[in-house]
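Engineer: Chain residues, written in single-letter form:
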Amino acid sequence: MAFNSADIAAFKNVWVFCEQRQGVMMPTTFELISEGRKLANELGVELCGILLGDNVDGIAAELGEYGADKVYVYNSPLLKNYTTDAYTKVIVEAVEEIKPEVLLFGASNIGRDLAPRCAARLHTGLCADCTHLDIDMPNYKGFLKEASTLPEERIDKLGTVMINREPHPVDRDLKMTRPAFGGHLMASIICPRFRPAMATVRPGVMKRRLCKKDVEILHPEFNLTAADIQTEVTEVVKAAKKLVDLIGADFIVSVGRGISKDVEGGIKLAEELAEVLGGVVGSSRACVDAGWITADHQVGQTGKTVHPKVYVALGISGAIQHKAGMQDSECIIAVNKNETAPIFEVADYGIVGDLFKVVPELIESIKAAKAAK
Amino acid sequence: MKILVTVKQVPDTSGKVAVNPDGTLDRASMQTIINPDDMNAVEAALALKDELGCKVVAFTMGPPPAEGMLRELMAMGVDEGVLITAREFGGSDTYATSQIIAAGIDTYGVEDDDIILAGRQAIDGDTAQVGPQIAEKLHLPQVTYAGEIKKEGNTLTVKRMLEDGYMTVKVKTPCMITCIKELNQPRYLSVGGAFEAYSKPLVTMTYETLKDHPLIDKSTIGLQGSPTNILTSFTPPQKGAGMMLPGADKETTDQLAGILAAKHII
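Listed in order, the protein sequences are those of chains A and B.
When you line the first sequence up against my numbering, it's residues 1 to 373, in that order.
When you line the second sequence up against my numbering, it's residues 374 to 639, in that order.
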């Protein structure tokens, strides 16, 4: 029978696309497996990974540490490097054959190339760059009560939506929540009439949770020939400079436009403060656009989303796009000359002053406080 | 050979953003701009035009005022504009939108030596989905996140950016490339160009124009044809005000370090 994405009852289980590059699992994969485990438990189904590459069985077993029940592994020299055509074909045909009800991808530069192509071919919905996922309605309502300004009585009433004039209960639909309009609004999206419900998930947002399972590795048959691939990857180059690991950092000291009067000096101060704290340097988009610092340092809507223990914002005014990337940090410290800067609205501790004067003193104070312990 | 560029008019979310009491965006009170990544796609098209003398056609879907954006692009050097506009197309998600734009592009005609360029993503939805989905509907190869494009005959060599480096990808025309801001610096419109803009051809495609195209069906376009639906939209709560420390001298920083140490944060 031909594949029909609207035949909802035919679909079962939660799948995670397990992105690897050069035989190394991307860290986001483990975050997605943990999140997928939660969703599979809420649905009462299995969690399966789908892993494509060349001789990648060795890294499939790791997925059991985070709760995968099964991993479907597709090995081929044609899958060694990512190509849109090969990966789309293998995933789409696997979905058509095995029929998962949920399919998650990391919202990486590869996930965001692959997922839309798969969704378009499968005729199903895809929600981009999600920051929160739910199946269970009480959990979802609890999330809204925490994370939204919607009145409680409106949240309590949620349960059905009108789809083409018919009431549709959303109990078993994946609720995919994401920022829109540069973080000014949040929206929860559902895909009520088609399966799988597909989402790309923002890296660094979901938490890894160890959950050991005896994972079963499967090798389904598949068809893929060189003629299926219309592009040719001639080289894969890792950035020569070691990129900053903002997502894994416990302490981030970020700089903004406020360093403009002495860019080098401002970055040097941030580096010194970061070193004392044991962290790394981040930045606002303005500094990246001005060419003061490389894009891997950028925090915010178009950069990285971070939640370190401490986020220090130096000379950052706090545009909503920047706040969207850092406001969930455990402790936010802001230093800004302008007392009305919006960054102070999200700061736990604020100092109104010139960062070039405040930071050297702060470095000394922190050194002293650490030495006193 | 011609270059087709897809562009979108978007609310300027970098400025003040107005939200209605029901949690939707108050678009009427906001400025509109040409989506920033699309400007990089237009610049890439115009740079190829400068080199090869090919025609550049801008495609957009949106309400009739989006014509103004197409005229602006013509003033920059775009030769022709296509405005896809119809009530039936309203409420489309990325799946339905790409279905419609692909039908428009296919109706206009894609030849073997053509290139389709798009911005990576639009700042209103930040999905980055419409470019790849148009390519899928047109059965064309795609290369996304282009940081550099070189053309030699019918082969394009694209530096495709990754988070931790890049890959070099070769692809033959016709194909879809999505562009990022690192690709180039968009040019300004010229005074002469602004005069010429209004004499350049602008094609409007409505539901009537496209309704017989195989991609256009009530079940694949507009709100009804969109696989995704919005369950709720909301604004996040403002975090409670933190503590503003008095002063900005050593005493202040000592106080802060003391608090952090007492809370075992450092």
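No wet-lab data here; the hints were simulated from the structure.
Quick caveat: nothing in here was measured; it's all calculated off a predicted structure.
Ideal Cβ positions, reconstructed from N, Cα and C, are used throughout, including at glycine.
Just to be clear, a hint being listed does not mean it is correct.
[Said to hold, decoys possible] Here are the simulated distance ranges between beta carbons:
hint	chain 1	residue 1	chain 2	residue 2	range
1	A	339	B	631	18 to 24 Å
2	A	261	B	622	52 to 58 Å
3	B	523	A	24	58 to 64 Å
4	B	385	A	46	41 to 47 Å
5	B	584	A	240	49 to 55 Å
Engineer: None of the hints should be skipped; say for each whether it holds.
Structural biologist: Hints, one by one, checked against the model:
{"no.": "1", "hint": "A:339 x B:631: 18 to 24 Å", "in the structure": "holds (23 Å)"}
{"no.": "2", "hint": "A:261 x B:622: 52 to 58 Å", "in the structure": "violated (20 Å)"}
{"no.": "3", "hint": "B:523 x A:24: 58 to 64 Å", "in the structure": "violated (29 Å)"}
{"no.": "4", "hint": "B:385 x A:46: 41 to 47 Å", "in the structure": "holds (46 Å)"}
{"no.": "5", "hint": "B:584 x A:240: 49 to 55 Å", "in the structure": "holds (53 Å)"}
Checked against the numbered hints given earlier, the structure breaks hints 2 and 3 and satisfies all the rest.
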